[in-house]
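Visitor: Model the placement of chains B and C on the given structure of chain A, informed by the hints.
Chains as they are written, first to last, in the numbering used here: chain A, 1 to 269; chain B, 1 to 217; chain C, 1 to 221.
FYI, nobody ran anything at the bench for these hints, they're computed from the structure. Beta carbons: idealized from backbone N, C-alpha and C, even for Gly. Accuracy of the hints is not assured; some may be wrong.
Unchecked claim - Cβ-to-Cβ under 8 Å is the rule here; a few derived chain C residues that face chain B: (1) Ala60; (2) Glu63; (3) Asn67; (4) Asn83; (5) Leu165; (6) Ala176; (7) Phe190; (8) Tyr201.
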Amino acid sequence: MKNSTVFAFGLAAALATTGPAFADKLDDIIASGTLRCAVVLDFPPMGARDENNNAIGFDVDYCNDLAAALGVTAEIVETPFPERIPALMSGRVDVGVASTSDTLERAKTVGMSIPYFAFEMAVTANEQSGIKSFEDMKGKTVGATAGTFEAIALEKQVKEWGEGEFRPYQTQADVFLALSQGQIDATVSTSTVAQSNVKSGKFSGISVVGKAPFDIDYVALFANREEYGLLNYLNLFVNQQVRTGRYAELYEKWVGGELPDLTISGVYR
Amino acid sequence: MFNTALTWNDLLFLAQGAGMTLAVTGLSVAAGTVLGVIFGVMRFQLGPYWFAPLTFLLDIFRSVPLLIQLVLGNALQSIMRLGWPPFTTSCVVLSLYTAAYCTEIVRGGISAVPPNTRRAGRSLGLTWSQDMRYIVTPLAVRVSLPAWIGLTLGVMKDSALVLWLGLIELLRASQILVTRLQEPLFILLICGAFYFIISFPVARFGGYLEKRWSPND
Amino acid sequence: MFNYTFHWNQAFKALPQMLDGAVVTLQIALLSMAIGLACAIALTLFRLSGNRILGGFATAWVEVARNTPALFQIYMAHFGLGNFGIHLSPYVALLAGIAFNNAGYLAENFRGALKAIPDTQTRSARSLGMTSMQAFGYIVLPQMLRIAFLPATNQMIWAILMTSLGVTVGMNTDLAGVTQALNAVSFRTFEFFALAAVIYYVIAKIVTLAARLFAARMFRY
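Just chain A, same shape as in the assembly (with noise of 0.2 Å):
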């Protein structure tokens, strides 16, 4: 009895002492073979489902190059907007490739990479709203996806306009699912969809009219917040897509037009 304690034990110190050493996350994707991305499949064009619902987009993409670099293979975890960082807490996935804007308030939670794309915001409206600029939408009823940081800055700008209302919805889909029934006036969304959803030609009734003045939105890759081996490689990776012109090409394949710059003047990341 006692002696069979002691050999476990004994066992238990071998293993730990002869095991790899301080194995990081980086380490793990490599040995496992696959890279598990996050990706949300609502938020065209960096996320959406072709006729046979499987997974396209911007971000798919992304992931599928990252995993090529690691040399594993990639497996895209659809995780609407909330449960990006559950899964990654729980580590059912590795690596968010999700389209999410690298706010200081977030960066407590999650460690963020530096920026791998750049948004710009658009006002689309129900033309039947008459709303033809950013200040028309003052006094009306407006909507973003709960949580973006559109959302955040929109409902910021309707509280200091002191009236009309804002309305947060789970998905992009309700937003604009809203806004073509008429339910809210306007929406303020990343130039990207609101360009995507305008084109697309599924909307009957609403046009992108113009800029939102909001600050550019960088989005992050994020990761666990103590892999700094894995942060560092997801930083240099950023790096050598726009290195390489494969930003550039990804970016013309999904969006298209002017390629959005990543640096912001006047200070280091």
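Guide: Only chains B and C this time, still in chain A's reference frame:
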């Protein structure tokens, strides 16, 4: 309204969603019922005072919205690094939720068995387990079954909430199709019809049993 | 086991906001209960009326309310009706959805309660010269409400729990909406939702207690 872009493929997608709803419900109700029976018998045997801590615990599952429970369960498993997929998390939370209600149903069923009948059984030399098996179970099941069927259907409908964790069940599947096809009313009606078709016959069957087995007929 | 530090102070800082949300939650639950009760009495009358159209309408309402998820009903009230150009704000859509659900379940409770009231009572009331409305209003209804009171209390608790579904239609002022908004900003899911759970629990317990006291006062013999 009926000239729709909905294809057979999409209907199949909806049916898969319904399958997910049924799978989550089936597993959760099965596990929840087992737990509920164990807790219910314990509750009856131990009496309200000794069982009070568990009563309190189970009461929480009946007094907090399921949505909050699911989010909390998911956050908790993520903090504890259990790495459960949403399906497991959903089933665990729904099982506990089911167990909380089932405990009450089982307790009610057992208390409905007249004590004199049980005493008579025991004085004829039946052991406790024989008494439970041959006297309490048949009588208690009759009392509890309609309520249990109601509970099962309740869990089936409440399972729509697991979409919050990213499981593609019936309602989420229809939302995805709404996003793609932009025919909200038509697709939502189909979705509602799916639920109704699953739920209604079972509900009617429960009502029939209740009538048939009602003690005062 | 844990590789997570709880930031409870963040959650406690938001407590006043969440309590404001709790007031809205309670308000919606009470309103939906009042509307649901009125509709349920009407539905019960429809069913008793013997009119096939009214009876069919009542039965359809009750069966749909009881056999589809509440989440579906609320989603339908917002986006389904929106398709016809009927625009309900999230508050109204949530209220309508829950009231619809409440009415269905309460009407079914009333039906059960009615069975417990002997037919002879109505008949003797009628033979004393009451109209059928009077007989229902003075004889049947009070007893029905008394028998159905306990199940109705449960329905009230359900209504409170159902308000949390409003987040799916853009509701951001009730307890769940406020909590979700706080969570989206900071990603501190566990802390905020745990606090919300405690608040929901307390509300549910207070309502249960209030209902018991009310019943003890009202239904003494």
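Visitor: Indicate, hint by hint, whether the structure satisfies it.
Guide: Here is what the structure says about each hint:
1. Ala60: Violated: closest Cβ of chain B sits about 11 Å from alanine 60 of chain C, beyond 8 Å.
2. Glu63: holds, 6 Å
3. Asn67: holds, 4 Å
4. Asn83: Hint on asparagine 83 of chain C: holds, closest Cβ of chain B at ~4 Å, below 8 Å.
5. Leu165: holds, 7 Å
6. Ala176: holds, 7 Å
7. Phe190: holds, 4 Å
8. Tyr201: holds, 5 Å
Of the numbered hints given earlier, the model fails hint 1 alone.
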